[in-house]
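*Asks:* Residues per chain are reported as follows:
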Amino acid sequence: MTFNLFVLPFILGLIFLVVVLVKKNRQWIRLMSTDDRKKLKGWYRSPKILLALKEIFFESLLHRKMFRRNPLLGYMHMSFAFGWFLLILFGNMESRIYSGLWVNPPYYPIFLKFFIHDKHVLPFEIFTVPGFFRFSMDLLLMFVLSGLVLAIIKRSRSKWFGLTKTTQHHFTDKVAITCLWLIFPMRLLAECMTAGAYGYGGGFITQHVGNVLAFLWPLNDKSIAYGFWWFYSLSLGIFFVTLPYSRYMHIPTEVMLIIYRNFGIKAGKEQSPIHEIEIQSCPKCGVCIDICQMNTAAGINDIQAVYFLQSVRNQQVIDGLVNRCLVCGRCEEVCPVGIHTDNQRISQRNSFVQLQKQDYSYLNHEADPQKAELIYFAGCMSHLTPAIPRAMTKILDAAGVNYLFLDEDRSVCCGRPMMLAGKLKQAEELIERNKKSITGSGAKTLVTSCPICYRVFREEYGLDIRVLHHTQYLLELIKKGKLPLQTYFRKVAYHDPCDLGRGSGILNEPRELVRKIADPVAVRDEAKDAPCCGGSLGLLNADRHERDLITKEALANYLDKDAELLVTACPLCKKTFAKHSPLEVVDVAELVAAAIPKVEKETGELVN
Amino acid sequence: MKSFGYTITKDRQIDYDANDRRLIEYVEGIEPSIRICMECGSCSATCTAGHFTDFSIRRLHTLLQRGETLHLRKEIEKCMLCGKCQLVCPRGVNLRNLILIIHQALDKLHHDL
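Taken in sequence, the protein lines are chains L and E. Residue 1 is where the first sequence starts when you use our numbering, and the numbers rise one by one after that. Residue 1 is where the second sequence starts when you use our numbering, and the numbers rise one by one after that.
Possibly wrong hints are sitting among the right ones.
[What the hints assert, rightly or not] Below, computed lysine-lysine pairings styled on DSSO-like, alpha-carbon distance capped at 30 angstroms:
1. L:K371 - L:K24
2. L:K54 - L:K39
3. E:K74 - L:K436
4. E:K74 - L:K435
5. L:K425 - L:K435
6. L:K394 - L:K425
7. L:K371 - L:K435
8. L:K425 - E:K74
9. L:K48 - L:K38
10. L:K425 - E:K108
11. L:K394 - L:K266
12. L:K425 - L:K444
Keep in mind that the hints were calculated from the coordinates and are not lab data.
Work out the full structure: start from the sequences and follow the hints.
*Replies:* Take a look at the structure:
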């Protein structure tokens, strides 16, 4: 007999799950933009699918990124994902031996030990084909159960797994996790009891445990084992039904996300189906909670990416939550799934901040743009730190560059602050106006002092001239020998601004520049792990006190070293740090300007 | 009556009942930092948009307090949200959010105002 009523919960759950998944996926593809759909054309012929499969194997099954973060956490996830995957694979192969068919009913391998009691295979017989499978299946079950034990330990000892704070879960998540945790113990008990009741047919674990159970508990007959087969099937069935509405949806969705990502479909600043796919791919692991400065510095622990994504998924988006984020990109950097948390925030801000129209007609009355080789754009923030543009103009004069200081007295905002607030349309208007004056000048290079401007110039302006941050440009000048420098050996700590380091990947140029003039000390969190200064324009609704806490925590990263000077490459970081820093805070440009022999006297405050 | 060229000036007392407080109350509820504004005008002095027009955040505050919604709606369109005002504010008023909340209030209370 190869059918029993108890398989029904499993079968119905599986059918439900497959229908929901197919429907969702079709909906996503239908809603995709034509551009994105074009990228998927002929996907089965493209070599990209192989790359995607490789990534799926390493990330979805082996959890390589999790391993890098914490080996115990990685092992826990791997034992569940890879162990379960192998159980399904080996179970299917084993069942083929007994059925002799190419196609089995899907429940057959899952409940094989209920249907088949093979007298001829001994528990430790591993050199025959059926014996090998029987042995492996028991071993794999133990592998998965070891993960379960770790998952239970993680509840109370999350620090061992590298997590200080873990995610608070919703009701459906709790139902799903209960079922998930029950599946494998139920399977173990069902198989043990069946093997014990028959006296044969089990693997090296199930048979021996079954024998002991049968000895200790003589009443244990086949009907009790039968009950456990029901429990096993029920926990599987309920898990499958709750899966699409719980965090476990990340299991199937992450696979799709990896495929789409490999085909170049990414979550941008405007809503698209890929945003929903990313949201569904969030496993709520909580890695983003520990890294978030809002949590570590200001004790705000309900707004992190995991909660934000959850609120979007449950369609309970609150603007207060969405706006309460530095958009510094630290969570994006550590997210094991690779969710674009910054763009997710911006796209949500965009979708609910449907504001009044803006009126920038007053910007029209600009005179004809001047012509120049190079444009220097200080940016709004640099106007609040006049030492930076002063240093830059001194350097440019000293190097004899033919430049135009585009926003010397009347600056137009670059549009990124507007964009961070989610007002993409209004930002577009500012971008258009700036673009006109930039292209009108006929310049071949655009140099800016502000990483915020730099990022938007590069990402959104679509300029066909070179766009450089001043650290890049100054290094170039020095390398070309246009800037005579004298070194002065002061120990300095370099702070990576979010939009320059993490945001634009400019990590080496400022460091190289600093090394040419001063003596940089090593700091704890640097490069892509650098903290946000707390002044971020991405954070919309924090009070001054909360910002101060973030700034002070960030400063601690640089203060306990023997640095005499805190160097940064962003006017906003400089302004924010200067408020609390016992060290003098300077921009790299100021360092360079001070190191030019001719201007040494004028910037005496640096060289002394 | 003989006219001597003098007139009686119109009544200039402020009618507090006519002052529409809904907007300011909505804004204060979400961004209470507006209450600590002392109208020093640093925001207006540094304003990026203020370099091109007579746009002034300080005046926005006055308009908001007075409930002059129509005027406010026209003025606020000019802001570029660059955030300089917030950085120079000596009181730490959360000005960027304030602008966003005013927008939101104008949007939400659209039919009433």
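*Asks:* Confirm or reject each hint.
*Replies:* Comparing the hints with the structure gives:
1. L:K371 - L:K24: 54 angstroms, violated
2. L:K54 - L:K39: With a Cα-Cα distance of about 19 angstroms, the restraint between L:K54 and L:K39 holds, given a limit of 30 angstroms.
3. E:K74 - L:K436: 26 angstroms, holds
4. E:K74 - L:K435: 26 angstroms, holds
5. L:K425 - L:K435: 15 angstroms, holds
6. L:K394 - L:K425: 37 angstroms, violated
7. L:K371 - L:K435: Roughly 14 angstroms separates the two Cα atoms, so the pair holds.
8. L:K425 - E:K74: 18 angstroms, holds
9. L:K48 - L:K38: Status holds; Cα separation ~14 angstroms.
10. L:K425 - E:K108: With Cα atoms ~20 angstroms apart, L:K425 and E:K108 stay inside 30 angstroms; holds.
11. L:K394 - L:K266: 42 angstroms, violated
12. L:K425 - L:K444: 28 angstroms, holds
Consistency note: the structure conflicts with the earlier hints numbered 1, 6 and 11.
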